[in-house]
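Knowing the structure of chain V, use the given hints to seat chains D and R on it.
Residue numbers (the working numbering), protein chains in the order written: chain V, 913 to 1012; chain D, 2 to 666; chain R, 8 to 174.
In short, the hints are calculated from the structure, not lab data. Hints may contain errors.
Stated by the list, open to error - Mimicking SDA-like on lysine to any residue, the simulated pairs with C-alpha atoms at most 20 Å apart in a straight line are: (1) Lys-171(R) - His-918(V); (2) Lys-142(R) - Ile-1007(V); (3) Lys-115(R) - Met-913(V); (4) Lys-115(R) - Glu-1000(V); (5) Lys-172(R) - Glu-1000(V); (6) Lys-115(R) - Leu-965(V); (7) Lys-172(R) - Ile-947(V); (8) Lys-115(R) - Ile-664(D); (9) Lys-171(R) - Ala-994(V); (10) Lys-115(R) - Ile-914(V); (11) Lys-115(R) - Gly-506(D); (12) Lys-172(R) - Ile-993(V); (13) Lys-171(R) - Glu-984(V).
Stated by the list, open to error - Just the calculated beta-carbon pair ranges, DEER-fashion: (14) Gly-643(D) - Tyr-112(R): 32 to 42 Å; (15) Val-73(R) - Gly-631(D): 46 to 56 Å; (16) Tyr-112(R) - Lys-628(D): 46 to 56 Å; (17) Asn-83(R) - Gly-643(D): 41 to 51 Å; (18) Glu-147(R) - Ala-635(D): 52 to 62 Å; (19) Ala-635(D) - Glu-1000(V): 30 to 40 Å; (20) Glu-147(R) - Tyr-917(V): 52 to 62 Å; (21) Gly-631(D) - Gly-117(R): 46 to 56 Å; (22) Thr-651(D) - Glu-1000(V): 41 to 51 Å; (23) Gly-631(D) - Ser-91(R): 30 to 40 Å.
To be verified - Reference excerpt, derived from the structure (chain V facing chain R, CB under 8 Å, subset only): (24) Ala-924; (25) Leu-926; (26) Ala-928; (27) Met-929; (28) Gly-933; (29) His-964; (30) Ser-967.
We put the beta carbon where it would ideally sit given N, CA and C, even for glycine.
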Amino acid sequence: MISVYHYMTVSAILFAMGTYGVLTRRNAIVIFMCIELMLNSVNLTFIALSNHLQSMDGQIFVFFVMTVAAAEAAVGLALMIAFYRNRESIDVDNINLMKL
Amino acid sequence: MYDKLWLIPFFPLLGCIINGLLGKRFIKNEKVIGAIATGAIFLSFLVSCKYLIQLLGDSVKSHEVVVASWMSVGILQVDWGFLLDPLSALMLMVVCGVGSLIHLYSIGYMHGEEGFYRFFCYMNLFAFSMLMLVLGNNALVMFVGWEGVGLCSYLLIGYYFEKQSAGDAAKKAFVMNRVGDFGFLLGLFIIFWTLGSKHDVWTVNFMEISENAHLLSGDMMLGLGVTTVATLCFFLGATGKSAQLPLYTWLPDAMEGPTPVSALIHAATMVTAGVYMIGRMNVLFAMSPTTMAVVALVGALTAIFAASIGFAQNDIKRVLAYSTVSQLGFMFIAMGVGAFTAGIFHLMTHAFFKACLFLGSGSVIHAMHHALHHAHLNDDPQDMRNMGGLRKKMPVTWATFGISCLAISGLPFFSGFFSKDEILWWAFASTRGSKLVWAIAVIAAFMTAFYMFRALYMTFHGEQRTNAKAKDHVHESPWVITLPLVVLAFLATVGGLIGIPHVLGNMLGHIPNKLEHFLAPVFEHSQRLYEIEAHGTAATEVSLMVMSVLIALAGIGVATVMYMKNPELPGKFTRKFSQLHRWVYNKWFVDEAYDVLFVNSTKKLGTFCWKGFDVKVIDGIVNGTAKVVGALSAVLRHTQTGLFQNYALTMVFGTVVMVAIFILN
Amino acid sequence: MEIIFFYLVALVAVVSGFLVIRCQSPVNSALGLVNTFFCLAIFYVMLHAPFMAAIQIMVYAGAIMVLILFVIMLLNLGTEARKSYTHGIVWSAIASLLVLCNVIYFIKRGRVTGAEGDITDFTVQSVGHVELIGKTMFTEFLLPFEIASILLLVAIVGAVVLAKKEV
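So here's chain V without its partners, still in its complex pose (with noise of 0.2 Å):
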């Protein structure tokens, strides 16, 4: 019988890939689809946890999640491309003007 601890360890996995994926990658939208994969990993388990408590509730927080995350790819890559247009790349090791 699949219990929600399958899923929910799933959803680690996941996650885990996803954190690494954001601390590695050099490309940020590649970065920016792991943090979407991270997203992901947590809307499993709130579903999963949706099912298991037998409420709505965690299915309402997943499709606000989405909401989110819609408006998130559709600045973010708006930034990405202003960035792009000034320096030629999206490598974020050239986003460093936080230093100065």
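Showing chains D and R alone in chain V's frame:
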């Protein structure tokens, strides 16, 4: 009855505030500024007159008015209190009266100067401080005024602050005054502490100190009487403020200020504060014959020393400055021999004729300056060698200057005659006097007559030595300048009549010595208690009087011979005694000696504190702290890469640790 | 039978996720991500949430991924791909392993409990998933829903402003 006494210092303070705050931007008009300042002090003069008249008709001669409590610390209670008695009333008349005239004069003299409002603001502040000094009923209020006049003196000497010499002179005056102020405070502390701890009278009030002074008679300190030590300290304060040996050198330098300042502060009022202070504390001084002898001796030495320097100075204001120092010496002689009344009398007459002399010299300088300026010449307008023959050009100035010269020389029936002879008589005959002091004073009187007439002749008589281009541009000054001169010359002539000595009064038909009678409530007590009196026959007194007149005439005669009849004589004299002339001309090298003895070592100490201690130790600590922090942050800086992934990594670690703690608990 | 299917899907999801983080080319990463989304959609179906599975595919695999791929193509990042494309592997690996340990330990140790609702699998099947979600969203979560709409509006405006040539 006397509760509006505070109005007297209030008006100048108000004038100072109005001119100081609004003068530069809002009033601007010179006439209005001058009118406000002059009006303020004139109002004080009117109020002073009212209270003087009221006091004359009052049987009680001493009135204290407390306006507000200043501080109440334990058993010490200090008030903002005013004291009106004959002494302070007389001083009020001098300060406000002469002050008003000089303010009026300044409107003309300072015309067109940069910072006109600033000048009048300071002048009114000075008047306020001086009135506080005079009116204070306790030593602390007096000290406020004492410091205030010192501050104003500093500000006004440095009025032309863009001139290096003026700034230096201002600093010199301030520092030397501080030396004296240190003495004043020390004396005050000694009196306060001894009276308080030994006799349980904790007070700084003058009346209470005077009443309880007799308690101190047995107390000893440093092998001397407490009163001797304390009064010597007070006297140190007086030497600083009143330019006596050894602290006199600031006064001649103070001539860097505008001439009305020299007249008001450095001749008529502020420098007499030391004399006034001794008068105010006459009971304490009377208790210590030692101090009084010191005072008399210092006064006498200053009188002759400063007079000798006056011989060879060519700057008209410097001659007057040394003359002031010398005349102040006479006042201290009077205080030292117990002739308090005569000292205050001379203070008053001196205020008249010396203010007149200074204002006269100011008028000449004003005219010379304009003439030289008109001809585009850079000659010194104050140098008497550039003057001569101004009598025809400036008749009013000449006449008033001449009258004042007669007065200061002590010719009969001019004011200086009465006050100076009174001093000489007391020096000769007083129980506290001595023949030595008298002899020195007589020589100083001779010298005074000589150098004053030298100045008069060099300035107004003989050939005009002004550069030919400027010669014809010298004109008499406007009425705002000449009116005060005339009034002061009048006062210098008749001012002495309020203090005609008994012996003369008796001869002329029972004319009483009004001044002595008026001041008696202040001084009689101590004079009687400590048996201070002048005793001698009328014949002695009259013969001394005749002698001093002859001496003055001799001085005038020598000056006439040297500077009128045989103008080449001074040159010959100078060549013959060139070494002596060099010493006198350079003021006996006192400034240089002070530089070697005190100034240089102080400078070295200051330089050490600055370069050795401040720069190395203090700055070292501060900079060291900064360097340590800098080094640490240079290490920490490497964590700030600006790459967001490094921050994210750190954040992940932090989150892991926090979650781990949460789980494990 | 079901558990085997679960493990199979889970394996595909994890391998696809691994591709996302390891592929050098962003396009390959994107394809891996799409794969993961599909796997998650399958999970949602298995969890009796068919509507969520549908919008997962439509919104994520459809809209967002297309947007990402579009940007990748637009920027044409071929030249950059040659350079080393990762950094800080060791520390990041330690960090993510620690995260994994934390979460796994948390899952193993804790018991998932809570106030149980009344939406059983049977209810979902009889009433219909969409209707249940709709009812909850437009009654209980109406205000957050409206706020989310404003968020989307802001995102649209922001994206337009940021991507404009003259910022």
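Hint-by-hint comparison with the structure:
A distance of roughly 46 Å separates the Cα atoms of Lys-171(R) and His-918(V); the hinted pair therefore is violated under the 20 Å criterion. A threshold of 20 Å between alpha carbons decides the hint, and for Lys-142(R) with Ile-1007(V) the separation of about 45 Å lies outside it, so the pair is violated. Among the hinted pairs, Lys-115(R) with Met-913(V) is consistent with the structure: their alpha-carbon atoms are about 17 Å apart, no more than 20 Å. Distance restraint check for Lys-115(R) and Glu-1000(V): the Cα-Cα separation of roughly 47 Å exceeds the 20 Å cut-off, and the hinted pair is therefore not satisfied.
Distance restraint check for Lys-172(R) and Glu-1000(V): the Cα-Cα separation of roughly 14 Å lies within the 20 Å cut-off, and the hinted pair is therefore satisfied. Using a Cα cut-off of 20 Å, the hinted pair Lys-115(R) and Leu-965(V) holds, with the two alpha carbons roughly 18 Å apart. Pair hint Lys-172(R) plus Ile-947(V) does not hold up; C-alpha atoms about 27 Å apart against a cutoff of 20 Å. Of the pairs offered as hints, the one joining Lys-115(R) and Ile-664(D) holds, with about 11 Å between alpha carbons and a cut-off of 20 Å not exceeded.
Among the hinted pairs, Lys-171(R) with Ala-994(V) is consistent with the structure: their alpha-carbon atoms are about 8 Å apart, no more than 20 Å. Note on Lys-115(R) and Ile-914(V): the hinted pairing holds, with a Cα-Cα distance of about 15 Å set against a maximum of 20 Å. Between the alpha carbons of Lys-115(R) and Gly-506(D) the distance comes to roughly 125 Å, so the proposed pair goes past 20 Å and is violated. At most 20 Å may separate the alpha-carbon atoms for a hinted pair to count; Lys-172(R) and Ile-993(V) meet this at roughly 10 Å.
With a C-alpha separation of about 17 Å, the suggested pairing of Lys-171(R) with Glu-984(V) holds against the 20 Å cut-off. Taking 32 to 42 Å as the suggested C-beta distance range, the pair Gly-643(D) and Tyr-112(R) conforms, at roughly 34 Å. Look at Val-73(R) against Gly-631(D): about 53 Å separates their beta carbons, and that is inside 46 to 56 Å. Roughly 47 Å separates the CB atoms of Tyr-112(R) and Lys-628(D), a value that falls within the hinted 46 to 56 Å.
Taking the beta carbon of each, Asn-83(R) and Gly-643(D) are about 27 Å apart, not inside 41 to 51 Å as hinted. Distance hint check: the CB atoms of Glu-147(R) and Ala-635(D) are about 56 Å apart, consistent with the given range 52 to 62 Å. Evaluation of the 30 to 40 Å hint for Ala-635(D) and Glu-1000(V) yields a pass: the beta carbon distance comes to about 33 Å. Our hint of 52 to 62 Å for Glu-147(R) and Tyr-917(V) is violated, since their Cβ atoms are close to 28 Å apart.
A beta carbon spacing of about 49 Å between Gly-631(D) and Gly-117(R) agrees with the range 46 to 56 Å that was offered as a hint. The hinted window of 41 to 51 Å between Thr-651(D) and Glu-1000(V) is violated, with their beta carbons roughly 29 Å apart. Checked against the hint of 30 to 40 Å, the pair Gly-631(D) and Ser-91(R) passes, with Cβ atoms roughly 35 Å apart. Proximity of Ala-924(V) to chain R holds as hinted, the smallest CB-CB distance being about 4 Å (cut-off 8 Å).
Interface hint status for Leu-926(V): upheld, as the beta-carbon distance to the closest one in chain R is roughly 5 Å, under 8 Å. Of the supplied interface hints, the one on Ala-928(V) holds, with its beta-carbon coming within about 4 Å of a beta-carbon of chain R, less than 8 Å. Hint status for Met-929(V) relative to chain R: holds, with the closest Cβ pair at about 5 Å, below 8 Å. The criterion of a C-beta within 8 Å of any C-beta in chain R is met by Gly-933(V), whose closest approach is roughly 4 Å, and the hint holds.
For His-964(V), the interface hint holds, since its Cβ comes within 8 Å of a Cβ in chain R; the closest pair sits about 6 Å apart. Residue-level restraint check for Ser-967(V) holds (minimum Cβ-Cβ distance to chain R is 4 Å; threshold 8 Å).
Checked against the numbered hints above, the structure breaks hints 1, 2, 4, 7, 11, 17, 20, 22 and satisfies the rest.
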